[in-house]
Amino acid sequence: MNNNILNSIRFLVFLSLQILIFNNINLFGYLNPYPYVLFILLYPVNSNKSILLLSSFTLGILIDMFTNSGGVHATAAVILAYIRPSLFKFAFGLSYEYQTVKIADKISPERITLLILAIFIHHFILFFFEFFRIDLIFTVLFRTLLSTLFTFTISLLIIYLIKPNKR
Amino acid sequence: MQQIINFIIKNSYKLLFLLLLGISLSLTIKSHSYHRSKYVNSANAVTGTIYKKINDANEYLSLKEKNKELASENALLKELLFNKKDTLLTSKTVFRNDLNNFNVVVAKTVKNSFNKRENYITINAGNLTGIKTDMGVVNDKGIVGLIEKTSQNFSTIQSILNTKSKINAKIKNSDHFGSLIWDGKNVGFAQLIDVPRLASLRKGDSIVTGGNSDIFPENIPIGKIDKIFIDKKTNYYTINIRLFNDMTSIGYVYVIENKKRKEKQQLELETTKTKK
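One line per chain: the protein sequences are L and U, in this order. For the first sequence, this note's numbering begins at 124 and goes up steadily by one. For the second sequence, this note's numbering begins at 661 and goes up steadily by one.
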């Protein structure tokens with residue numbers, strides 16, 4: 124119950140942050156950060172997976188509505204939500220399901236791997252479908268790399284900010 | 661039957677994923693064709709209203725700048741007004757009807773995008789003020805784009821910074837026509853293609869909208885020639901144009917309705933039909 128409320132709040136906060144602030148950041152004129160992927164990554168490991176899929180889709184489609192981009196954000200978000208377990212397995216090893224892994228716990232190499240990998244996959248799908256042309260694949264990759272770095276930096280800052288202080 | 665239900669229950673997660681993926685992919689692919697998705701755009705009631713709220717706040721913070729812009733535009737209009745006297749004296753050759761060809765509606769930008777390959781601008785005027793698809797949009801500095809979709813109170817503009825946009829343009833002093841496109845790279849520049857090699861060009865020449873267009877009136881400024889490339893395969897120039905308009909900051913725009921567009925298209929259609 125508590126988790127659900129927390130997730131709903133996260134959903135709204137990430138959505139409004141993305142629309143109000145991050146969509147207006149244009150580094151060098153064309154780099155946008157998309158830190159809303161954090162919503163998908165921060166979703167509790169043991170919670171309902173179908174709800175994660177549905178909420179990622181909704182988040183993506185809402186952002187698409189605001190940016191006039193058809194369905195690219197929805198596509199990228201749904202795919203990321205679907206492959207999330209495999210990414211966790213890749214980053215933390217097989218036993219991740221039995222631990223209570225929280226990405227916000229501590230910044231360790233595993234978590235950084237997970238973050239960069241997830242952001243890269245998400246951005247690649249996003250830009251690939253936005254450009255939608257095979258002959259521009261290098262432009263897509265270039266943009267993906269730069270945006271990944273940018274989003275990653277912003278995501279780290281956000282994680283540090285929302286991390287509950289235990290001491 | 662039992663097995664089918666079992667299969668669905670067993671694979672419900674995968675099926676849900678495939679369903680959502682299908683929906684989002686079809687939306688993506690639809691958005692790349694001419695007729696864009698009907699609901700997923702920023703001209704609907706929810707997104708339009710929120711953007712309007714955000715814009716109201718932003719606008720309040722930049723009142724001073726906007727005042728300056730308006731003042732300079734006023735000055736320009738006054739200049740036109742004062743210069744009118746001269747033209748009236750020699751206007752006997754001008755067709756009377758020509759003056760009454762275009763309707764202009766003022767609107768305000770509530771959302772502007774310029775960092776994608778297909779950029780759209782949302783404005784706060786729609787069907788109710790008589791805006792329809794395929795009308796031209798300009799502002800005080802030059803051309804902005806075409807109306808793509810309208811709702812009751814909002815419309816989206818296909819900006820000239822859109823790889824799908826193609827607008828008829830000409831070189832001001834030689835009247836050679838070409839098509840204005842955008843290669844999706846730099847927001848300050850657009851490209852003019854299909855200009856015949858016969859045209860004499862110089863860096864710094866002005867590019868304006870051409871009379872071939874049904875949408876824009878003639879001689880709306882677009883930009884200046886920045887670089888000229890010669891396509892060796894065809895006998896055409898490709899020209900890089902520095903836009904007069906700063907597409908990253910667009911405030912008030914003017915939507916232009918060509919009242920005689922239908923008449924013209926009808927006539928052209930009939931002409932080509934009778935030829936066959």
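Just so you know, these hints were derived from the structure itself, not from any lab. Bear in mind that the values here come from a model prediction, so they are computed numbers and not experimental data. Wrong hints could be hidden among the right ones.
Claimed, not checked - Rough simulated footprint, nothing fancy, chain U against chain L, three-plus residues with beta-carbon under 8 Å:
hint, segment
1, 156 to 163
2, 189 to 196
To be verified - Looking from chain L toward chain U, a few residues come up when the C-beta cut is under 8 Å (computed):
hint, residue
3, S173
4, I174
5, L176
6, G183
7, V201
8, I202
9, S209
10, F211
11, K212
12, F213
13, F215
Stated by the list, open to error - Below 25 Å or equal to it, Euclidean Cα-Cα: the simulated BS3-like pairs (lysine-lysine) are:
hint, chain 1, residue 1, chain 2, residue 2
14, U, K845, U, K884
15, U, K887, U, K824
16, U, K832, U, K712
17, U, K728, U, K826
18, U, K792, U, K824
19, L, K212, U, K670
20, U, K832, U, K768
21, U, K801, L, K172
22, U, K690, U, K832
23, U, K728, U, K832
24, U, K670, L, K172
25, U, K674, L, K212
The beta-carbon is built from N, C-alpha and C at its ideal position, and this holds for glycine as well.
For each hint, the structure was consulted:
1. 156 to 163: Violated, because only 0 residues of the segment 156 to 163 of chain L bring their Cβ atoms closer than 8 Å to Cβ atoms of chain U.
2. 189 to 196: Held - the segment 189 to 196 of chain L has 7 residues with a Cβ nearer than 8 Å to chain U, which meets the minimum of three.
3. S173: Nearest chain U Cβ about 6 Å off; hint holds.
4. I174: violated, 10 Å
5. L176: holds, 6 Å
6. G183: holds, 7 Å
7. V201: holds, 5 Å
8. I202: holds, 7 Å
9. S209: violated, 13 Å
10. F211: Hint on L:F211: violated, closest Cβ of chain U at ~16 Å, above 8 Å.
11. K212: violated, 16 Å
12. F213: At 19 Å from the nearest chain U Cβ, L:F213 fails the 8 Å test, so the hint is violated.
13. F215: Check failed: Cβ of L:F215 comes no nearer than 21 Å to chain U, outside 8 Å.
14. U:K845 with U:K884: holds, 18 Å
15. U:K887 with U:K824: Given that 25 Å is the threshold and the Cα spacing comes to 22 Å, the pair holds.
16. U:K832 with U:K712: Violated. U:K832 to U:K712 sits at ~38 Å, over the 25 Å cutoff.
17. U:K728 with U:K826: Between U:K728 and U:K826 the Cα gap is close to 32 Å, so the pair fails against 25 Å, i.e. violated.
18. U:K792 with U:K824: Distance ~19 Å between U:K792 and U:K824 Cα, so the pair holds.
19. L:K212 with U:K670: Given that 25 Å is the threshold and the Cα spacing comes to 22 Å, the pair holds.
20. U:K832 with U:K768: Since the Cα atoms of U:K832 and U:K768 sit roughly 29 Å apart, the hinted pair is violated (cutoff 25 Å).
21. U:K801 with L:K172: violated, 52 Å
22. U:K690 with U:K832: Violated - the C-alpha atoms of U:K832 and U:K690 are around 38 Å apart, more than 25 Å.
23. U:K728 with U:K832: violated, 29 Å
24. U:K670 with L:K172: This hinted pair holds, its Cα atoms lying about 14 Å apart.
25. U:K674 with L:K212: The hint holds at about 18 Å.
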